[in-house]
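So the chains spell out like this:
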Amino acid sequence: MNKIITGKNVVKTYGEANVLNGVNAEIAKGEFVAVMGPSGSGKSTLLFALSGMDDVSDGSVMFCDTELSSLKEHELADVRRAKMGFIFQQPTMLKNLNILDNILLPAMNAGKKDTAKLLQKAKALMKKTGIDGLENRDITEVSGGQLQRAGICRALMNEPEILFADEPTGALNSKSAEEIMDLLANLNEEGTAILLVTHDAKVAARADRILFTKDGNFVFELSLQRSSGMDMEARVEKVLAQMAAVGI
Amino acid sequence: MYSKLIKNDIRKSKLITLAVTAFILIAAMLTALAATLAVNLFGAVDNMLQVSKSVDFVQMHTGDVDMEQLRSFVSSQPSVEDFQVLPFLNIDGAEIVIGDGSLSDIAQDNGFSVQSAKFDFLLDLNNELIQPKDGEVYFPIYYMQEGAAKLGDKVVINGVEFTMAGFLRDSMMNAALTSSKRFLVSEAGLEKIRGYGQMEQLIEFRLKDGVAPSEFEAAYIGAGLPANGPPAITRMQIALMNGITDGIMIGVLALIVILVIIVAFLCIRFTLLAKIEEDYKEIGVLKAIGMRVGEIKKLYLAKYGAIGSIACALGFLLSMPLAEPFMQNIRLYMGESDRQLAALLCGLAGAAVIFGVVVLYVNGVLRRFKKISAAQAVRFGAPQEKSKSARSFRFSGIRLFSRNIFLGIKDILARKKLYVTMLTVFIISSFIMIVPQNIYNTISDKSFVTYMGMGMCDANLYIKPTQSQDVIPKANEAAGILANDADVAKYAMITTKMFDMKADDGSTRKLRISLGDHSAYPIAYSQGTAPTTESQIAISSLYADDLAKTIGDEIVLSAGGAEKRLTVCGICSDITSGGRTAQAIFDIEPGDILSVGIPVSFRAGVDANAAIARYKGQFPFAQVYGIEENIDQMFGSVIDAMKLASYAAIGIAALLTILVTALFMKMLVTKDRYSIAILKTLGFKCADIRKQYLTRSIVVLVLGVILGTVLANTLGEYVGVAILSAFGASSFNFVVNPLFAYIVSPLLIAVCVYIATMRGVSDITPLKISEHIKEA
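Read top to bottom, the protein sequences are chains V and G. With the numbering used here, letter number 109 in the first sequence gets 109, and the count goes up by one each step, no holes. With the numbering used here, letter number 386 in the second sequence gets 386, and the count goes up by one each step, no holes.
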C-alpha cells in the first residue's frame, strides 16, 4: 500500500508537557482515517504535526517519500499548496475577501493564470457543495454551514492528495454536519485521502479506520472498511462501544 | 490590580509600549525645551535691555547737533525721561587693521564710540559696564563669532594702535542682522582717531512708561530736529532684532513639536484602537457582567497614564541638558536670563500639558466603549470596516496585479481608516524633510537678494558719506569706469535718500527712498510693480503696514520745500534696513544722501571673484561685495542655522518614518496573525506574505510622499513666509531643489519604509499556524 503520510515516533512537547509521546501513524493514499480521543489527548496536535503545520520535537513525518522536517519553509509551503487541503472547526476565511475570492485564493497562489477556467472550477465546486449564488457575498453575510462549505471548496481548489480536517462539523447543526460529511465521503471515494479529527461517533463512523488517542498516543485502532458491508447505524454503534471501552 | 494589568500588557507588547513612550517623551521634551528657551530668551533680552538701560528712541544724524535746540525740545516734552547724544565715529572696515588682516571684507558699518554716562551702556560678557582704558578697544560680540579678533590682538587705525581688550554686548547693535556695529574706546582713544572717519551722532532718548514711540517720533520730526540718518529705531525694534535669530530657532522647534505631537497622537490612537479591537470580546464580557464603562475605561487609562507620566517626566528632565547648547548663543549675545526659575517651571508646565493632553486624548478615544454592544461583541468580535471600493476590487475581476500585490492593495481598500495613520506620518515626514530644505535653498539662493531690496546681480558697490564726502561724483566716477569695463554686462545706479513724508494725520515721518532705474535690477514685489513713472513709488511691506498704504494710495513727500505727490504702484518684500524702504525714479534733488548702490552684472565666463578683488583696489572709496559674500555676512548665521535645522529635519523625518512604519507593521502583523496563519495553511510562503505587507507600505508611501511633496511645496511656502516674514519678506516663492525634493527625499523615505517594513514584518516567519489557527 502506498503511504501518503508516515509518522514515526512523533513526539511533541510544549514546555515540560509531552502532548505526543512517540506516535507512529500511517495513512495510505485514498484512505479515510479518523482520530478520536478525549479533550487534551493530542488529536489536533497530531493533525498539525502530520500535516507539517507544526514542527515535531522528536521523530519524523514523511509525506510520500519526503521528510517534512528536512524541507525549508518555502518548500513546505509548496507541498501545502499543491498536495494538501485543510478544513478547520471554525471556517478560516480572510475577512477582506468575498466568498469567491477566498475560494480562488489557493489557485491564485499556485500561479494559475487562466482565470476563466478557475472561475468555472470554483463555481462548479460551489454548486457541488450547495453554496452556488453566494459568490459575491461577504463572509459575514452567510451562515456557519455555508462558510464551512466554502472552506471545503477552497481546500479542493488545487485538487489536494490529502485533506486534513480538524473537527469540521464541530460548529454545525446535525443536518449541516451530515451534508458536510456526505461531501467528504464523496471526495474520498474520488480518491482524496482524509485525516479527520472528531469527537462525534457519527462523523468518525464514515472513516475506513479510527485511531483512538489517550495521553498523547494511540491506544486502539478500529477498522471499519466500507467493503465490510456494515450499515451506518452498525458502524456508529461499533464506534460508540469502542469509545466506551477506551474511556472517552 | 491596575499595576498587574499594566505590567502584563507592557510585557506582551514591549516594542509598541516603547515606541509610544518614545513619542510622548519626545513631544514632552521638545515642548519643555521650547517653553524653557522662549522664557529664557525673553528673560535674557529683557535683562540685557534693563542692565544696559537701553534706549526707547534713537535717531542717527551726520553733522552737528544743536544741543540747545534739543534741550528746548526735551523741556517741552513731558514724555522724555532722559536724553543724550553719543558719538559714533564711522571707520571703514579696511582701516581697522588687526594683525595682518583687516575688516574690509565684512559688510558692516563699523563705528567707534565711548561709554555712555547716563544710559545705553555697552556691557562686557558678564553684563558689567565697561570702562575702557586708554589704548584699549572692545569689539562687538558679532566679531567673536566671525573670529575676526581675539584678546590681546593689536588693532591699528591709521597708525593709532589699540589693544583688543574684550568683547562687548550692545543692546542696540548686537544682532548679526543689524548692519551697524559699535566698538568701544576711551575718550582719549576716540580723540586720536577722530580725524580718520566720519562722525555721526546717536541722539538717544529714554521715554516714560506708556509713551508711544510713534507719537514721540512725530513730535521729534515735527520739531525739525536733526534727522538725516536712517529712520529712527525704537525699543521694540531693538528687542525684536536681539531675539529674532533665536526666536526663529524656537519657532522651528515649535513647528517640529506640533508635528511630533500629531504623530504621537496618531500612534496612540492606532495602538489603542488595535488593542480595543483585540480585546473587543473581553470588553463585551466585562459589560455583560455589569462593569460600568467608566471602570473599563480606567483599565486602559491607567496604562496610558503610567506611560504618559513616565515619558513626560523623562522628557522634562532630558530637556534641561538639551537646552544648554541652545542657550549658549543666547547667553553669549545677551547674557543670563533673569527668569531661569520661571523658565524651568514653564518647561515643567509644558511637559505637564502634554501629559494632560495625552490622558484627555486617550479618554476621548475610549469614548467608543459606550457604543460597544455586549451581545454583538461576544458573538462577533470587532466589526469590519465597510468599504465599497474594496468590494469591487476582486480577484475574479482584476487581472492586473499579482496575487500578493492584489492582497496588499485589497487590504488597504478594506481597512482605509487603519492606514490613514501611516499615510499622515508619511505626509508629515515628507513635509518635515522638504520644507526646511526649501527654506534653506531659498535663503541661500542668489535670487533671495530680490527680497532684500536688491536685484539679481553679481556684485554691489556701496558709496556712503562715511567713506567719501563727495558721494555723487565718486559714484559717477565708478559708473564711468564700469561703463568701459569689458567684463561688465550691465550696471545701475541707485541713490538712497531720506525724505520727509506727510502722514495722513498731518504729522511728519521719515521715508527712506532708493532712487534710480529699478527696472534694470527688479526686486520681488508681493503686489504691483516697480515704479515706471516719476509719480510712482513702491514701498516695502513693513512700510505699507506702518503707513497703512496699499496700491493706488497716495504718499506726500516734502522735497525741496515743495510737496511731491506719489502713487503707490507696488509693495515689495525688502528685508534690508529693518524692512522699511521705498523705491522711486524721480530726479535726485539736493539733500542728505544715505548711500549710492551700484549693482553690477558680469558677462558670462567672467571670474566674478577676480573682478570683485580688482574693484576693491580700483574703488577705494566704495565698499565692494560679491553678492554671495553679502548674503553670507548678512544671513550667514541664519543660513547656517537653517542648514543645520534642515539636516536635523531630514534625520528626524527618517527616524519618524522608520519608527512609525516598524511600529505600524509590527502591530499589523500582531493584529493579522490569524489571517497570516490562514495564508500559511494555503501554501503562501513567508516571502509572499512579506510582499503583501511591503505592497501596503509602498502604496501608502507613494500616496503619502506625493501628497507630502505637494503640500510641502504649497502649504510649506506659507510656513516659510510665516518664518521669514519676521524679516519683512511678506511673500516669496520657494527655491526648490528638484533633485532633493522629487528624487532624494522620496527615495530616502522609501528606503526607510523598506527597512522598517522588513523589520516590522519579521514576526511573520516564526509565526506558527498551530498557535493561531485555533483562535477563530
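What the hints contain is simulated information worked out from the structure, not anything from laboratory work. Check before you lean on any hint, since a few could be wrong.
Residues on chain G that point at chain V, a partial pick, calculated with CB under 7 angstroms [as the list claims (entries may be wrong)]: (1) 322; (2) 326; (3) 394; (4) 416; (5) 546; (6) 547; (7) 548; (8) 550; (9) 673; (10) 678; (11) 684; (12) 766; (13) 770; (14) 772.
Glycine included, each C-beta is placed from N, C-alpha and C at the ideal position.
Earlier hints that do not hold, by number: Hints 1, 2, 4, 5, 6, 7, 8, 9, 12 and 14 not satisfied by this model.
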